[in-house]
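K.L.:
For the protein sequence lines, the chains are D and W, in the order given.
Those letters in the first sequence? Residues 1 to 301, by my numbering.
Those letters in the second sequence? Residues 1 to 213, by my numbering.
Source of the hints: derived by calculation from the structure; they are not laboratory data.
The beta-carbon is built from N, C-alpha and C at its ideal position, and this holds for glycine as well.
Errors might be hidden in some of the hints.
To be verified - Pulled from the structure, derived: some chain W residues nowhere near chain D, Cβ distances all over 12 Å:
| # | residue |
| --- | --- |
| 1 | 5 |
| 2 | 37 |
| 3 | 46 |
| 4 | 92 |
| 5 | 138 |
| 6 | 141 |
| 7 | 192 |
Stated by the list, open to error - Going by beta-carbon spacing under 7 Å, a handful of chain W positions derived as facing chain D:
| # | residue |
| --- | --- |
| 8 | 12 |
| 9 | 15 |
| 10 | 31 |
| 11 | 47 |
| 12 | 54 |
| 13 | 81 |
| 14 | 89 |
| 15 | 91 |
| 16 | 197 |
| 17 | 199 |
| 18 | 201 |
| 19 | 204 |
| 20 | 210 |
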Amino acid sequence: MTFEWIQIPYALLTIFIVLNYGLLMTALIAKIAARVGRRHGIPIWQNYADLVKNYGLRSSITHGVMFYMGPVFRLTGGVGLLLFVPTIYGSVMFSNLSFAGDLILALYFVFFGTLGMALGAAESGHPYSAIGITRGLSQVTMAELPLALAVFAVALHYQTLSITEIVAAQQGGFLNWTLFTNPLAVAAAMLAFLGSMMRPPFDVVLAPQEIPIGPPTEYHSSYLALMQTNRVLFPIAKIVVYMNLFFGGATSWPEFFIKVFLIYMVSVLVGVVFPRFRVEQSIRWFMIWAVPIGILAIVLA
Amino acid sequence: MKPELQPRRVTGPDGQEFEVDPLRDYYCEAPPAVHPPAYLKIIEDLFNWARAESIWILGFGTGCGAIEMRPLMTPRFDAYRYGIQWRPTPRQANLFVISGYLSVKTLKRVIRSYEQMQNPKYVVGLGSCTINGGMYWDSYNTIKRLDDYLPVDVYIAGCMPRPESLLHGFMELKRIIRAGQAEGANDYARNFAWYKDNQKRVIHDWDMPDYNW
Ligand code: SF4
Chain D
1 MTFEWIQIPY ALLTIFIVLN YGLLMTALIA KIAARVGRRH GIPIWQNYAD
51 LVKNYGLRSS ITHGVMFYMG PVFRLTGGVG LLLFVPTIYG SVMFSNLSFA
101 GDLILALYFV FFGTLGMALG AAESGHPYSA IGITRGLSQV TMAELPLALA
151 VFAVALHYQT LSITEIVAAQ QGGFLNWTLF TNPLAVAAAM LAFLGSMMRP
201 PFDVVLAPQE IPIGPPTEYH SSYLALMQTN RVLFPIAKIV VYMNLFFGGA
251 TSWPEFFIKV FLIYMVSVLV GVVFPRFRVE QSIRWFMIWA VPIGILAIVL
301 A
Chain W
1 MKPELQPRRV TGPDGQEFEV DPLRDYYCEA PPAVHPPAYL KIIEDLFNWA
51 RAESIWILGF GTGCGAIEMR PLMTPRFDAY RYGIQWRPTP RQANLFVISG
101 YLSVKTLKRV IRSYEQMQNP KYVVGLGSCT INGGMYWDSY NTIKRLDDYL
151 PVDVYIAGCM PRPESLLHGF MELKRIIRAG QAEGANDYAR NFAWYKDNQK
201 RVIHDWDMPD YNW
């Protein structure tokens, strides 16, 4: 696809829609979780209030340049991931800046934010941040492995590295989805998905009860607000990649909303059932369950 | 002053020698600044609305009253529906609930935590102990009037107050925030010398800088 200037406002529009959707969806999921616990739960617009408040705090302090860059990198990871994959298949407006080799770039962006965060949080000098970062990096690296294997299996399967073409190959009935044509790859990728969503059983990185909140311990005011923005954008961007690769993509916004919600719910459902893993347990778990499936998917492809 | 806070020379792991002055190097000594409301009224109003609807409490309990904060998270009282959450780090918290009597030793930690919070920040005094000493009025080891040491926005009387009155106190705080009157952080910065004077009068082993963000 060739680049045209009109793509930039279109891409901004995509970000705007996805941001609002993300804010509402995470609040909705928190509300569902609260109702399960017989609570009323947060108001549906709570995330907006939190965001505005954090942007509106009057003072902030810094620990150095990397401390600034951490949240910026993180947001870049989320926005970049979103921009380089086609959000809505077949729509000129929402195909964003996708191009032929975007699959590799997408994989890179998934990791980019975590690395930036590691640098930023390390600069803050708080021991809890350091613990959170070591845990986070080892776990994300491990979860990335089955995902990478699955992605390559899919790329081999469709003989292309372009997400758009992969989506195109899955059109025409849900039996054409990778989910049914290559279930092993999808299984490996979904296990990796659980590992990267920061929900139980893999939320030892933030570990709200033991190391207060891990990497963002020292972040506040607008830094925190940037990270909150990313926290709603990034999972959705990742889910878009998954949706495109494995679940047939989306051809319209309603389809997009429903699919993203359902894929998100997978990690939520797993999260409410299983208790938290420690880092070495989760690494072992990925080694034993997810990686072999991924390898098998590649071998069979 | 404790020996580990004295300036000294240390040898790094690579054999290099350098001076360390813990009070200067590990803390920031810049006094707090007054941050007046900076924007147009309509934007300040929006911010005040958001501040009132998103109150993040520092998870730090000082006295018996802290036990009354837990029920607020449970289905019975469920403070989350009012936009109230608990945060584990002072950096991200906006509201400090002083939950009951405050011994001098705890006061020191409270001051440090309070100073790490970002402007605007609020303090709620929970229980009679924070108002006039309560049943610890003649104790040698607790402070009597919280207001002398930190700028308090709302007091909740009782010994101990029920969770309902705590919720009512939060509603009152929300009203104050929305009216733009919760300027405790600026009062603290403006009357910094007076607050420090009071704090140092009771804390005898003052081994930290005057202001440790
Ligand atoms: S007011 Fe009563 S319940 Fe609260 S800290 Fe004082 S003695 Fe304890």
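K.L.:
Of the hints given before, which are not true for this structure?
P.N.:
Failing hints, ascending: 2, 3, 4, 8, 9, 10, 16, 17, 18, 19 and 20.
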